[in-house]
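Please model the entire structure based on the sequences and the hints provided.
Chain by chain, the residues:
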Amino acid sequence: MMDANEEKDTKNDKGKKEGANAFNRRDFIKMGAAVTAVGAATVTAAQTKAVEKLVAKHKDANIKTTSVDKVFEFNETYTPFHQKDNIFMSTITGRLPELQKKMMGFHGPGDIDPETPGMGRLDYALKEGAYAGVEYMAPGTPASIPNTGVNSWKQKTKEDKHHPFDYQYLFEDQYKFRDKTEATNAIKKAAKLYGANLVGITPRDPRFDYAKFIDPLHKKEFGWEEFPFEPKSVIVMAFEMDYEAYSTAPTYVSEGGTGDAYSRITKTTHQLAVFLRILGYKAVATCNDTGLNVPYAISAGLGEGSRMGLLITPKYGPRVRIGKIYTEFDFCNYDKPIEFGVTQFCEKCKKCADACPANAISRDEKRSFHPTHDNKNKFFNNSGAKKWYLDAEKCFGYWMQINAGCGACISACPYNKPDFWHHRLVDRLTAASPGPVHDLMREMDDIFGYGNTHDGEAVAKFWANKDD
Amino acid sequence: MDVFKGAEIMFYWLGVLSTVAVFLMVYLHRTYGFDWKTWIMIGFGAFLLIFCVAWSVSSVLEGEPQAAALGLVFFGAPAVVLFLLARRGIVKKLKKSD
Ligand code: SF4
Ligand code: SF4
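As they're listed, the protein sequences go chains R and S.
Residue numbers are given in my numbering: position 140 of the first sequence equals residue 140, and the series is strictly consecutive.
Residue numbers are given in my numbering: position 98 of the second sequence equals residue 1098, and the series is strictly consecutive.
What the hints contain is simulated information worked out from the structure, not anything from laboratory work.
This one's a predicted model, so the numbers in the text were calculated from it and none came from an experiment.
Just so it is clear, CB atoms sit at the ideal spot from N, CA and C, and this is done for glycine as well.
Take the hints with a grain of salt, since some may be wrong.
What the hints assert, rightly or not - Partial chain R-side listing against chain S, Cβ under 8 Å, derived: (1) GLU244; (2) PHE420; (3) TRP421; (4) ARG424; (5) PHE448; (6) TYR450; (7) ALA464.
What the hints assert, rightly or not - Computed list of lysine-lysine pairs in DSSO-like fashion (alpha-carbon distance at most 30 Å, straight line): (8) R:LYS156 with R:LYS189; (9) R:LYS282 with R:LYS188; (10) R:LYS376 with R:LYS350; (11) S:LYS1005 with R:LYS188; (12) R:LYS101 with R:LYS219; (13) R:LYS188 with R:LYS376; (14) S:LYS1005 with R:LYS267; (15) R:LYS315 with S:LYS1037; (16) R:LYS180 with R:LYS158; (17) S:LYS1005 with R:LYS192; (18) S:LYS1005 with R:LYS461; (19) R:LYS70 with R:LYS376; (20) R:LYS189 with S:LYS1005.
Below, the structure written as structure tokens:
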């Protein structure tokens, strides 16, 4: 028999049990939901990780390394290019008088045209501000003038200090890296910290260097004998240009994208040159001067050459500008050229040639050792290398006509996409597919609305978009 | 503080969407019993639908509205067609078993 207290306890126990059961039932649902949510989140996290891994794996899946000998083909007529023969120098020095005449009025505020989208005062100010860095630090280097400003060939020594706290001179003793991998990583890490988007290192190759130089500002011609050391390596860096700015090409806004890249190039290459000098190694920063950027960038594994003559990188397509360092340092692992199907795609695509308002880009299906365009016999063609030859006179003539750098070919190229997963996926599928698929991909690029040029709305969009 | 950016939020929701899609497919299979043809249609349809969302949201994020709209047409429409075909097959099967 139970007493009252026992009965109460039993009731309490029962109540507790009921309560417990009730708690369990209610909470079971809650717990279930929670577990499902955690499960879903875990699965989600796992899926995101898996997708990331997959993207990372496939990002490089169709990128194959190759060799300099395979990627460049020269015939017996090839000789290193003379800087005075390139389109900038031959225009400045009056060897192309028509272009020189047009150039005289180029780049001035008198060109501002408020009626044309992207060519107004605001757009002009954007462009000039963008170029301010390079104009101040190393004027003329985008036009291929060497040995100016911070890109001076002079290797500053302790004796040349600007002030007592100036320690940015060439150290007498050389820092010794443990091994080549450590050295390579250190250089690339520093380059990225200073602002490079892509970095590669390649041996110096005299075929890609200008044979001789001119300085039109000082009316001087000189050769490699004035270079302060025997360069052994070239550190090549690519700098992304703004996608939105470039989608307005050809305007002052897109040129702002170009100018800003040049300013960043000047800053970064100068910093990296100082870094190397403090380690005790001679180094000279260069932009479009001293050597040819595109072959050096190909050689350093940053991308492939293309129909429009520019470098196409896997990550940014042709929307990059290039800077480089010549150095005596060679204790490093050199990069190898890469292939990811650009040449094959260019054979079919021709979208840049369609977009070119000057008709300067070749429409030949295959590359050749000689130019085939209307100005094929002029001195500015550096014949003997297998490639698609650009009619530089027509191209630069158009720049003079619109009073701005053009770049419509860069905007039109299907490889010019923001760094989003779906474009990388399409790039990889394209690289892995045969020719007929390339035609389809090119058509789809148009249908999906990519690569428009002369697009007034793009200018409005550039200025309207909040960048927060 | 920007913990997540647009694309990261999108991938998070794509993960949730994929999980829901898998649970839903398993639930529907238990309820109606899919044959292999239905599995292919539903599975491929779900893949296309998720791909469509991913493509279109990514295109909006990169500021390409035409690509986003075309993404809906190219990947979303076939997904809907596949779901409708699968539904027709299930309805037919249910009618037969009645
Ligand atoms: S920059 Fe303009 S003119 Fe020159 S090749 Fe490209 S599209 Fe043609
Ligand atoms: S637009 Fe087409 S043909 Fe021209 S460089 Fe780009 S991929 Fe090659």
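Hints, one by one, checked against the model:
1. GLU244: holds (7 Å)
2. PHE420: holds (5 Å)
3. TRP421: holds (7 Å)
4. ARG424: Since the shortest Cβ distance to chain S is 11 Å, the answer is violated.
5. PHE448: holds (4 Å)
6. TYR450: holds (7 Å)
7. ALA464: Violated: closest Cβ of chain S sits about 10 Å from ALA464 (chain R), beyond 8 Å.
8. R:LYS156 with R:LYS189: At roughly 24 Å apart (the allowed maximum being 30 Å), LYS189 (chain R) and LYS156 (chain R) satisfy the hint.
9. R:LYS282 with R:LYS188: holds (17 Å)
10. R:LYS376 with R:LYS350: Roughly 20 Å between the alpha carbons, so the hint for LYS376 (chain R) and LYS350 (chain R) holds.
11. S:LYS1005 with R:LYS188: Measuring from Cα to Cα gives roughly 27 Å; hence the hint holds.
12. R:LYS101 with R:LYS219: Since the Cα atoms of LYS101 (chain R) and LYS219 (chain R) sit roughly 19 Å apart, the hinted pair holds (cutoff 30 Å).
13. R:LYS188 with R:LYS376: Status violated; Cα separation ~40 Å.
14. S:LYS1005 with R:LYS267: holds (29 Å)
15. R:LYS315 with S:LYS1037: violated (40 Å)
16. R:LYS180 with R:LYS158: holds (28 Å)
17. S:LYS1005 with R:LYS192: Status holds; Cα separation ~22 Å.
18. S:LYS1005 with R:LYS461: holds (21 Å)
19. R:LYS70 with R:LYS376: With Cα atoms ~26 Å apart, LYS70 (chain R) and LYS376 (chain R) stay inside 30 Å; holds.
20. R:LYS189 with S:LYS1005: Satisfied, since the Cα-Cα distance of roughly 25 Å is no more than 30 Å.
Of the numbered hints stated above, those contradicted by the structure are hints 4, 7, 13 and 15, listed in ascending order.
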